[in-house]
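The residues making up each chain are set out below.
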Amino acid sequence: MPNSKDDVYGDHISHKFNDELMELKTEFLKMGGVVESQVEQAIQALMDSDGQLAEQVRARDKDVDQMERGLDEEATLIIARRQPTARDLRLVVSVIKMVADLERVGDEAKKIAKLALKLAEEGQAPRGYVEVRHIGNHVLGMLHDALDAFARLDSEQALRIMKEDKWVDEEYQAAARTLLTFMMEDTRNISRCMSVMWVLRALERVGDHACNIAENVIFMVKGEDVRHTPMEEAEKVVGR
Amino acid sequence: MPEQRTAVVQEDRPAETVIEEGKTVGSPFADDPKFKLRNVEVFYGEQRAIKNVSLDIARNEVIAFIGPSGCGKSTFLRCLNRMNDSIESCRVTGSLTLDDQDIYDPKHDVVELRARVGMVFQKPNPFPKSIYDNVAYGPRIHGLANRKSDLDDIVENSLRKAGLWDEVKDRLDATATGMSGGQQQRLCIARAIAVSPEVVLMDEPCSALDPIATAKVEELIAELSESYTIVIVTHSMQQAARVSHRTAYFHLGHLVEVNETSKVFTSPEHELTESYITGRFG
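Residue numbers (my numbering), protein chains in the order written: chain Z, 39 to 278; chain R, 178 to 459.
The reader is advised that the hints may include incorrect statements.
[To be verified] From chain R, some residues computed to sit far from chain Z (all C-beta separations above 10 Å):
| # | residue |
| --- | --- |
| 1 | Phe298 |
| 2 | Ser384 |
| 3 | Pro388 |
| 4 | Met414 |
[As the list claims (entries may be wrong)] Below, computed lysine-lysine pairings styled on DSSO-like, alpha-carbon distance capped at 27 Å:
| # | chain 1 | residue 1 | chain 2 | residue 2 |
| --- | --- | --- | --- | --- |
| 5 | Z | Lys274 | R | Lys200 |
| 6 | R | Lys300 | R | Lys346 |
| 7 | Z | Lys135 | Z | Lys274 |
| 8 | Z | Lys100 | Z | Lys156 |
| 9 | Z | Lys152 | Z | Lys68 |
| 10 | Z | Lys100 | Z | Lys54 |
| 11 | R | Lys300 | Z | Lys274 |
| 12 | Z | Lys135 | R | Lys200 |
| 13 | R | Lys306 | R | Lys284 |
[To be verified] If you only want the chain R side, here are some residues facing chain Z, beta carbon under 10 Å, derived:
| # | residue |
| --- | --- |
| 14 | Ser373 |
| 15 | Pro374 |
| 16 | Gln415 |
| 17 | Thr450 |
| 18 | Glu451 |
| 19 | Ile454 |
| 20 | Thr455 |
| 21 | Gly456 |
| 22 | Arg457 |
| 23 | Phe458 |
Derived from the structure by calculation, the hints contain no laboratory data.
Think of the CB as a built atom: it goes at the ideal place given N, C-alpha and C, for glycine as much as any other residue.
Chain R with its partners taken away, still in its complex shape (with noise of 0.2 Å):
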């Protein structure tokens, strides 16, 4: 009989195993930055809740931001297009530009940027009017259509980016908080993409979605990232791992790695990471 091996082991782990504040492994510079963002801290009252970070994310580029519950992701997602403001025992510092421009600059029209900057968050929150409204919102406020036409245009236009016109366009006065999850989502990115943003974020927009639905999200999310940058926090690594060009984990407020994607799922550099994705840690 042959001999019995024992499969116990002492391998080599990821060369990286600590964390050392404002240090992230990998490579989180980018050539040609949408976003520069240099020593970022957020504090909610006395607690540091993103600590010494520095990200560079590039023109259209699909970043996926993961973590575990509490690590800091969405808290520096909402700091890229200043949805921290609302908060008020919330303070950001740090260097934070888009395209050069600094986002926190007192001067900095908060309502222009987020126009600049769209949100796609968790739970779909569509108004409580018609799906054509919806869409129209945006560019109604922002001044963006002079004429029922253009506006009848952007509305077209938005609503198949998102991929949901066929299924909707022969009721579109309808109420949009009658449609399924999945399409509200698609309708709040149309929504989000309908005045003409350069960058989209989004806040687990599949958590709440059946597969189905998710699978055309993500399917969306490709074919924005042609036109788009699009920074996507999730909990779900494969969507991650799916979606995204690079992806960077957060780990109690740190920037621990960024990667590209493929090498963060096949082999991260740091042991936080594979700690993490690899499900054995929680």
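Chain Z with its partners taken away, still in its complex shape (with noise of 0.2 Å):
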């Protein structure tokens, strides 16, 4: 664990506060890595039809699981003990929000990897992974950078990965189109073009959730809450 006096949650009268709030941290980004690489591998375990890989990813997420009811119990058990308040308090319970979202994400790499192991046994010339390594890659990127913003407290690249977002939608709608004429030319791929389907749309909610996290992270920085606020809003108050 790095050295908490570095830190701004820790220079606390008390070191004990100190200490459980870096654990949380801590914790959380730890979290973050293990839902990060479970996208990954579920991305690698399509592309390479590994249905090893795609059985770990499936048996990891009982650890992502896991590791969401820790944090919530240790956020909980802070505001029991400390009532945090101001920064304390909105790391707090940005936490616990983002918490749910990265539990949300390794639910969607689960997904990818069952979607990869049906993928997988049918064996055929796949259609659409082009569009899931593009748009795969870059959810990814965003919820790389995302976790990074949490771990410095950067308001500006977490508003970055917000902006972000929209591409994803766009992309995503582009892909879906690819894969209807596809279904269109031919029946038979209809199956198949749902399961990369699924997986497209896995990965945009990826995104999405990159994009939640981007916000507490704003809210953490800056104590305003940019949810649901037009662009030109969050990018005032990043601006402060």
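Reassemble the complex: the two chains are provided individually, in unrelated frames, and hints are given to aid placement.
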């Protein structure tokens, strides 16, 4: 664990309180790392038709769930013991919300792994994998950057992630149209194309969760809730 | 294995970091003030305990004064009904008005002022008299009741408002000092409101009480705020967060920040406020 004295959450009179907040941050980042690799490996399993890797991803989802429970418990105890205020309160409340996002990202990874297994069994030249790789890499980058923005409390980076969500939505729509064409060309493609469509849908959701995390980072740093506000509003808050 | 991120950061802290004399961040002023306090300074001999503080206290609001020990919050509170008059070396300057009347006008009757601006202290201080006489004391000396039955009504009403009536109605003649600490404090509140004040000042009213008695007093503050203006000094941040509409943060005699309580406890504007409420210095 890094030296708590160097951290903005590490300068309370109570050392125990410092440790508790640091622990919360560290555990959250650990969970983030695991979830990130879950998504990465799920995509890999799909690309390589690697059934074993897909099984691993499915099995590891239990660890993610366990981490969610642990973090929620720790956050609840901090509230009960310390009644945190101001930036400490914003950290604890945000972690509770972001943990739910991470857990959902884990679920999406599991979903992709399941579809990877199904597609691997059918074993035909895949259609739409270019799109999966393209969007997959992008949302993975968003998730990675969102966790980095949290670690460094970087609200400007968080804002950049929020802006990228639009790109993901557009790419997803475009990919869906492409897959639709394949399905219309040959109805035997429908089942496989639908599976790929679900993968894309899961990836698009990962991007949404990365955005939610980014919004929470802005709340932690700036103390303003930028959810459901126009982008210009969020820009103003971050620029302050 | 996923990469391990370090959690060490340098974020932007609240914008305001320094104290500028006479400058208070947030919203220290109100549209329809009960108290209008401008450039107030308090001296104990040579020592300046309150430094150029300006603040409005709105009608029927509950405002909490918080800050570390010795920051001047109690001193400032005591200016509002001239409790500092009794301290010989104490001198108050600046403009302090209650409904546009100068509080420190030498012609202003202090007894009348204190009837309008009542006070509850840290330690319950009932008179060594019966419960009834404690509450009846103020109305008697201010001549608020001509008949015994009027006085009975005032006593009952005050005790009811203080949430004490059901507990004491069968033993009004019992001596007040035999009550529990929480009951004594609520009795003092009943005594303060018996003379129908407009403002109630509370100087750490719950610091000597257990959590149940504290909860009762806080409940009472919420009810009283419908008809009175309440100024409360408290060392309990959670109490300030629970009971007040606005919170004022004092530091070394300066009024650093005044804001809506919800803002102060989630995202204060001044770094000193944040450091204090999050327990970062003592």
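Okay, the hints, checked on the actual structure:
no.	hint	verdict
1	Phe298	holds (26 Å)
2	Ser384	holds (17 Å)
3	Pro388	holds (13 Å)
4	Met414	violated (7 Å)
5	Z/Lys274 x R/Lys200	holds (25 Å)
6	R/Lys300 x R/Lys346	holds (23 Å)
7	Z/Lys135 x Z/Lys274	holds (23 Å)
8	Z/Lys100 x Z/Lys156	holds (21 Å)
9	Z/Lys152 x Z/Lys68	holds (24 Å)
10	Z/Lys100 x Z/Lys54	violated (30 Å)
11	R/Lys300 x Z/Lys274	violated (49 Å)
12	Z/Lys135 x R/Lys200	violated (37 Å)
13	R/Lys306 x R/Lys284	violated (33 Å)
14	Ser373	violated (36 Å)
15	Pro374	violated (32 Å)
16	Gln415	holds (5 Å)
17	Thr450	holds (8 Å)
18	Glu451	holds (5 Å)
19	Ile454	holds (5 Å)
20	Thr455	holds (5 Å)
21	Gly456	holds (5 Å)
22	Arg457	holds (5 Å)
23	Phe458	holds (7 Å)
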